[in-house]
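Asker: The chain contents come next:
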Amino acid sequence: MRLRAETRREGVLLLLIVLVLFGFSLVIENYLSARLFNRVSASVAILAILAIGQTLVVLTRNIDLSVGSIVGFTAYFVGQQLSLDNDIHPLVAVLMAVGLGAALGAFNGVLVAFCRVPAIIVTLGTLALFRTILVEYSDAQTILTVNLPQWLIDLPRLNVVSYERLHLRVVVAVMLGVAVLFQLLLRYSSFGRRLYAIGSSPEAARNAGFPTRRLVFTAFVLCGALAGLTGFLFLARFGNITVIAGIGQELKSVAAVVVGGINIFGGSGSVLGAVLGASLIDLLENSLIRSLQISEFLRDALLGMLILAAVAVDSVLMRRRRDR
Amino acid sequence: MKFNKLLTLSAVVAALGAGPAHAEVMAEKGKKANLVLVPKFIGILVFDQAHDGAREAHEELGNPGTLEFIGPTPENSVAGQIEIVTTATTQGQDGVMLSNNSGDQIVPAAKAAREKGLTLVTWDSQIPSAEGEQVFVAQVDFDQTGVVMADMALSILGEEGGDFAILSATPDAANQNSWNAAMQNALQEEKYAGLNLVDIVYGDDQSEKSYNQALALIDKYPNMKLIMAPTTVGIVSASKALQDEDLCDQIKVSGLGLPAEMVSYTLNGCAPEFALWSFVDLGYLTYYVTYLIATGQIEGVEGETFNAGRMGTYTIHKDPTRENGLRVLMGPFSVYNKDNVEADAS
Amino acid sequence: MNARMDERGSRSPNPPDPMESSRAGPAPAAARLAAALGARVRSWEGFLAVLLLCIIAMNALTSPSFLTAENQVNLFALSIEKVIVALIMTFVILNAEIDLSVASMMGLSACALGWLVQQGVPMPVAILACLFIGMLGGAFNGFWITVVGLPSLVVTLAMLIGFRGLARVLVEDRSIKEFPAWFEALGQQPLVGPFPLSLIIFFALLVLAVVVLRYSGFGRQVYVIGINLEVARYSGINVARVKMLLFTTSGFLSALAGILFAARLGTVRGDMGLGFELDIITIVLLGGVSIFGGAGSVYGVILSILIVLYLRNGMSLSNITGHLQTGVIGVLLILSAMIPNVRSFLAHVVRPGRLR
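Protein chains in written order, with the numbering used here: chain A, 0 to 323; chain B, 1110 to 1455; chain C, 40 to 395.
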């Protein structure tokens, strides 16, 4: 039953994406091009990975508002290490980002799962705290592209496969890999099913003998790790990292999750939904900013309406399902 | 208050005695003035350089007072600057050196500071209405900046010219707005006839936003040949965006940038030419002006001439680029290209 | 099962207070419950008061200018928009809801004001129009929450983005400053004694908030709904009406704060108040108001307002800048939520069964 509702939701999202593409192709010349795909896919990758992490946490009826600060922190820290030593192996750099992100996520996780502080309070606090530590630690200096190793500067341009002018960037491949991994994990592993169970009913999950605390903790650690990975991609994409890098990403990731049909009160939603939600938001943003006819300033107003519409449609679908 | 009255008194005496022609004032060292240097926001390299310059002057002048470097974070720049100026007033600081990022929103706080006897000198970015500001230390002549930008565009695009767009900082950055206006003004001239400005967009001096705005410009204007970014953050982000898109051979970047940040893009042809001035010198000169006014050695009125240590002699003039306001003009520009960028990058 | 029930019932794996689970009967039981919670909250207020005194003492010792009347007025004036909205946010959170759209509404009303004035609309009309926009926006939130039945977290997140978008549509990336002189004077000059208009409005609203929440039937309804929605329904409270009223008022006061903000700065632009919602919610939560609704008081929030303002002011006077201030307040927020848990945990260990 749940899977069917999710499939339907994902279908609606895909339809919306197609509609947006069609609509803009009418008003923007040369809109449907290889470049649009290259451009938007690379930009989506960053938000999508963050949204996947957020999904894990939201499924357990929690929320992580600190991801923007984690992205900024890891991007800065890894950027600094790479500036100081250009010879750090790429794999080590990635692991450093993921590890740092996981550590920050673990801090959230301990407070939420074991100290029983509501997630919204903890992550509202660490949103400020992580950022503060970054500002103090960095002495408000900026990471400069010129000091970064060449492989990192070239990374955004690197393709896995190319077909004529259509490129599948490495960052997009990484995002797809992460998405598949977590989709499988959530659907087929006992860990994934238990996350859903906690979100549906924490009481029942506890009574069933699930280690709910450990599971919630793990969700936060994974969310942090994915935010760390996002931080690494952020560094590669933007190069110059200031102390406010990634600010506001937390709300964007929550928006992507909500548009993607993940119930904000836990228990239902899919990784694919989160990726589609992120894609829709980013596509809308990238398209509006290009359009000469439609003011780019309409972007946020439209996005707000889109979120409302997505959630309202969703709630109608859910209600009908329940009535049956 | 007493200090204030003294100032007024000395002003009267000076006006009666010396008349409009002022002799060059040599700074008397070792006087005490607690000063605050306020950048647009923290995390931008050029402001750190200005801080270095101010520190150099602070030590050179043997000021027993303090020099604080306090800035807001970029997402909170306006409210943050207002709070910093208000706090400085409360603390009873003697002077504030402000790179204004708040347009005229800073005016109430600046006026309140002036009423309490604080010296308020702007640098890098002025208060557009000049209300609450005593003197603006201008890095270069703002009309001249427009001409330099137009000249760089011309030299990159050549005689036949082409479409170009401006990627600016924040919409309320007074300095960038003045430069953009000056450039549009300069473009009226016959020799720039081929240059066609298609759009002005704002990247808010944030790498991510500037990067995305640059990408959007590329798509919006398929015939665009140049992005002019009069901000050190914007120019680097635009260069990176073009490089990531493999478009450096079709679209160029120019504007105001730091050699250290731009060297690779200049050498690989993404940004063949850009300009800047020394922010260290700007901080140094600003400190001199503020110190002299705050310690009562000059009053900060039109026609005063003073000596600013290693930088030589400067005079306070009416600011020709604004309706009201006084300025001290620093200058000059350095224009960088592949021949000289490496030398200045280190 | 209603989504909002989920929110207050069990968002965290373990509800912070066992008394909150829904075994209480209708109205009288709910009142007893509120009283019991009140006792706990009062001790929380005691803690906040001690903290506040420490901060005041520290500020007074480190900065000679802290205690000057001018500084006291300034430190309020610099954050007055946030603390006005914090008052209504207290009601909203007590009601087990949240309004993330407040700061965007502040921006929208300020920008609408600028836009209207630019179109030549007389100032008083423009102000009234902006207040109306605030009510309309709040009612819009309320509609989706009470009629459609969507969670407030999602609705107001959407409008956080949506209202901000409308503000940007109105002024794009310009800034508007064509306000009449009297309007700016109202925002910047003292009106009565050393107090500007915004402070007077704040104090009036503060008194109103205390009276409504402590002594009116409406205030009790807000608590009961926050403690247990089902109980509230059974005892005949028109839940939808109360929530609608709260969100409309929230929109209205946010718009008012936006207008005051415009008057204080004398200029408006699209990013005004960006991110204020998190500061506002932090103030309310630090004041001991439970994120699950039903527990907390205006007194706690008043103390928390003072703590946040004094802490920020004291740190500013010692030349400690914005981000460190925010970080310290973030830590304070987390600690404040942890302390009751640690205490109940200790009580549990020392004397099992005597948790309350």
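Hints are not guaranteed to be accurate.
Claimed, not checked - Ranges between beta-carbon positions, derived for each pair:
id : chain 1 : residue 1 : chain 2 : residue 2 : range
1  : C       : Glu109    : B       : Lys1427   : 52 to 60 Å
2  : A       : Gln80     : B       : Gly1418   : 36 to 44 Å
3  : C       : Leu175    : B       : Lys1427   : 46 to 54 Å
4  : C       : Gly232    : A       : Gln80     : 17 to 25 Å
5  : C       : Ala96     : B       : Gly1418   : 19 to 27 Å
6  : B       : Asp1453   : C       : Val231    : 33 to 41 Å
7  : C       : Glu211    : B       : Leu1356   : 26 to 34 Å
8  : B       : Glu1168   : A       : Ala102    : 50 to 58 Å
9  : B       : Glu1168   : A       : Val109    : 57 to 65 Å
Unchecked claim - To list a few chain B residues with every Cβ distance to chain C over 10 Å, as calculated:
id : residue
10 : Thr1182
11 : Val1187
12 : Ile1191
13 : Gln1214
14 : Gly1226
15 : Asn1332
16 : Asp1358
17 : Ala1369
18 : Lys1427
19 : Ala1452
These are computed hints drawn from the structure, not numbers from a lab.
C-beta: ideal position from N, C-alpha, C; glycine also.
Asker: Which numbered hints are broken by the structure, listed smallest first?
Answerer: When the structure is compared with the hints, numbers 1, 4, 5, 6, 8, 9, 10, 11, 12 and 13 turn out to be violated.
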